[in-house]
Amino acid sequence: MVLRRTRPLKHGKLTTITLSLVAGILLYTFILAAIGVSPLLTLSIISSSFISSGVIKDFIVLTVLGYALLVAFKGSLWNIGAEGQFYMGAVPVIYLTTVAFYTMGSVSIAQSILVITGSVILAIVFGALWGAIAGAIKAYAGVDEVPVTLILNYIAYYLVNILILGPFQGKYVYGYKRTDLIPEAYQLGIKIQLASTGNPIIDGVLSYVREMIIFGWWLLGLAMVVFLVWWFFNKTSLGLKVKVLGSNPDYLVTAGWDVKKVTIATFAISGAIVGFMSALYLLGYLLRLEYPIEGQTAGYGYLAILVAWLSLLDITLVPVSAYIISSLTNAGIAQSSSPEVKQFLTQAGFAGAELSFRWVMIGSILLTYSVLRFLSDYEVRVIRK
Amino acid sequence: MGSQQLELVLKDITKTFPGGVIALQDVSMKLKNGEFIALLGENGAGKSTLMKILYGIYTPDKGSIILNDEELSIRKPSDAIRRGIIMVSQSPQLIDRLTVAENLTLGLENVKPFAGFSRASIMIKEYSMKVGVKIKPDDKVWSLTYTQKQLVEIVRALVLGAKILILDEALTYLPLEERKKFYVFLQEFKRKGGAVVVITHKIPEALEVADRIVVLRKGRVSGELTREEATLEKVRELMFAEAAREITYERLPSSVKGERPVIKAEDLWVQGDFGVPAVKGVSIEVKEGEVAGIAGVVGNGQRELLEALIGLRRIDKGRVHIDGVDVTNKGIGNIRNMGVGFIPDLPLRYGVSQDNNIIENIAVLFHREKFVIDWDRVQGLTRDIIKTFKILTPSEFYPVKILSGGNLMKVVVGRELNYSRRALIAYNPTRALDEITAVQVRRIIKDKAMNERIAVIFASEDLDEVYQLSDTIYVMNSGKIHGPFDPETTPRDEIERLMVM
Chain A
1 MVLRRTRPLK HGKLTTITLS LVAGILLYTF ILAAIGVSPL LTLSIISSSF
51 ISSGVIKDFI VLTVLGYALL VAFKGSLWNI GAEGQFYMGA VPVIYLTTVA
101 FYTMGSVSIA QSILVITGSV ILAIVFGALW GAIAGAIKAY AGVDEVPVTL
151 ILNYIAYYLV NILILGPFQG KYVYGYKRTD LIPEAYQLGI KIQLASTGNP
201 IIDGVLSYVR EMIIFGWWLL GLAMVVFLVW WFFNKTSLGL KVKVLGSNPD
251 YLVTAGWDVK KVTIATFAIS GAIVGFMSAL YLLGYLLRLE YPIEGQTAGY
301 GYLAILVAWL SLLDITLVPV SAYIISSLTN AGIAQSSSPE VKQFLTQAGF
351 AGAELSFRWV MIGSILLTYS VLRFLSDYEV RVIRK
Chain B
1 MGSQQLELVL KDITKTFPGG VIALQDVSMK LKNGEFIALL GENGAGKSTL
51 MKILYGIYTP DKGSIILNDE ELSIRKPSDA IRRGIIMVSQ SPQLIDRLTV
101 AENLTLGLEN VKPFAGFSRA SIMIKEYSMK VGVKIKPDDK VWSLTYTQKQ
151 LVEIVRALVL GAKILILDEA LTYLPLEERK KFYVFLQEFK RKGGAVVVIT
201 HKIPEALEVA DRIVVLRKGR VSGELTREEA TLEKVRELMF AEAAREITYE
251 RLPSSVKGER PVIKAEDLWV QGDFGVPAVK GVSIEVKEGE VAGIAGVVGN
301 GQRELLEALI GLRRIDKGRV HIDGVDVTNK GIGNIRNMGV GFIPDLPLRY
351 GVSQDNNIIE NIAVLFHREK FVIDWDRVQG LTRDIIKTFK ILTPSEFYPV
401 KILSGGNLMK VVVGRELNYS RRALIAYNPT RALDEITAVQ VRRIIKDKAM
451 NERIAVIFAS EDLDEVYQLS DTIYVMNSGK IHGPFDPETT PRDEIERLMV
501 M
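Protein chains in written order, with this note's numbering: chain A, 1 to 385; chain B, 1 to 501.
Do not rely on the hints blindly, as some may be mistaken.
[Claimed, not checked] Computed list of lysine-lysine pairs in DSSO-like fashion (alpha-carbon distance at most 27 Å, straight line):
hint	chain 1	residue 1	chain 2	residue 2
1	B	370	A	260
2	A	261	B	330
3	B	52	B	30
4	B	76	B	32
5	B	149	A	261
6	A	235	B	401
7	B	140	A	235
8	B	401	A	260
9	B	180	B	140
10	B	76	B	149
11	B	52	B	62
12	A	260	B	62
13	B	180	A	235
14	A	260	B	52
15	B	149	B	401
[As the list claims (entries may be wrong)] Okay, the calculated bits of chain B under chain A, using three or more residues with CB under 8 Å as the criterion:
hint	segment
16	344-352
17	356-367
18	473-485
To be clear, the hints were calculated from the coordinates, so they are not data collected in a lab.
Note that the Cβ used here is the ideal one computed from N, Cα and C, for glycine as well.
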């Protein structure tokens, strides 16, 4: 007998995520097998993606953005605008590092710290403000936040594109439509070389270590975000209000709280976390913006929606969900560029369709998401008579 | 329905909720066509759980449901509906944007295309005439009153072919006169071969309408009485055992009113839900230590008045002062911050957040000053409320949605009574509570007024409650207020006359 659960299963969320992951991968493998790609090849690419150090960058970005969206989603506020908040966060970073304090030479440590800190703080403020706009429109005009945040994404794209073509246009880019590179003095990356040992297992572990050191600042930022989000929901009155807002806004009103203010604050916090990640991404990896901006971040803002959903809004499961999504998207990209796959596709009449593989993968996950929710919400019971 | 024989047996039903709460243990009960059963019990006795099992909302851990010697497998409400078993709860489950006819047609199987609307329209016209509650098939559900919505729910049950109609506190929030009309209608349904199970806390009504009374206590059947055997005392004893002696409707001692008014309203004009004035020039003053009760038939502006006083409803004209501060249209947040408790109409909808646990529901009201919550303080407070009001829960971290309706109401009432430092504004403060808890709540309210000098204003359709608790009585009728009256000297029939004139 299938029944709706009155209470979630113990460890049920982790189990259902695992099951849905397996189901999603099998479905994806099956789809590709149907057009002639060997299941063994698909599974080997996917499994190597899961243990590849290459997923660390995406894992950190998606975890932070996943937490940003979880904050809003917990309040039943559907912030689909992480993309826009991400790019608005990039604006002050590019301005401070490549326009206001651009340098070709060396600068003092104090200036480096000030510019980096200022960039991060302003990115947080810009992300928060961009989020708060959507919150204010919902709170005061009653407009649904989903179309609003989506539209704000496009407005952010166009605004940033205009800035790249105008005031942010680089002076040392040979006429390309891009900003100057962020000077080394303001970069957050850590450079490291680890010599190969010749042992594939040790080298694999070392490559993980190397990536974690390179993205050390990001990991620190991630740890801060995890702690702050946990603290926000478990210790603060605003966090509690967000949870009640997601469950019964009428009670929040009766308890004497201003739902409008809570809505705007929630969007602002969500946007602030996105802005924070945007600063880290710009200063530690992207280092410049290029026209057109739309394709530069691999759609992190949208993938983060999937991360938040897959975590079932459980704070502890966001990193698990982010790791799965980043591994699977990387597998999709790896598969797109695999010569064997290209050959299979050409033979099957799908030449040139490689890039869409990532989205087939996402589609498979979305489909399995319903399995996940079902298993989480329902139980199978035997009745004794 | 016809005269087809029908015998339903619930046999050895056992149900345990997460956290080890035993809701039902080996409960058996029989029901035949042409029978009207009242299912009674104190809060958390398992009445709703038993009926939800019959309706397929919950599944029993053990036990069986047998209809005419055939064992049923009821996994979900649609299984029950197919067997003619339909439950109506206290919260209407209608879609507000659709019309009455559209709502009635939803869920109808095997109707010819376009035929459902006309059938539903005919039925709603017929039943609205029979019950005496005006409803048109084209009315949008959002524009209906609570009574009208409940009638639509019951008509929907009939449209769906109900043979066994379960009313889980479905009539509790209706005014007495309208409840009586519904009972007449249900008796007719019974005479035509249907069976009715009513869950209620109103024992005198149950004695009047039911052929048989089944009483549950702590998840077990404590007794069954026929109409002839049943008396108020016997039922109370089955419900509460020796604790039944605590039930009293004697007037509680009068408070000594202070001089300073805490709640003061002058010439208030407030609109109702549909844009017409619901409160018309009401002036009222409640002093420190005073308990003011507003008697009145539901829908005469009491709800709107109380909502305006707490800051939930816009005041078109007039002023409200709390503790001498003008709070007119200043919003509920400011008034709550002054230490004013509020028990709303429809507490399940406006008074709790069901997905959160008990402690969170309490913290969200109490924690107002600092950004970081002092959970130790809130936990202590929550445990006090659970203990004082005997809330049946394994812990304060139990999700509110799993509590029984009565225990949920205790969370709301306990929280608001504790929160009231200067005043309490309450709408039907003891509705959905069993008699013992209701008396206990009235005593606590009175104690707070007398000892902590809070001002209390409450509205209730239960005149016994108004007389037992109030130091001053007002009557509200057609948006206007009459009074103040002294309960010691004003006869009941005088108040009743003003309520319906």
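### Message
Tell me the numbers of any earlier hints that the structure contravenes, in ascending order.
### Response
Of the numbered hints given earlier, those the structure breaks are 5, 7, 12, 13, 14, 18, listed in rising order.
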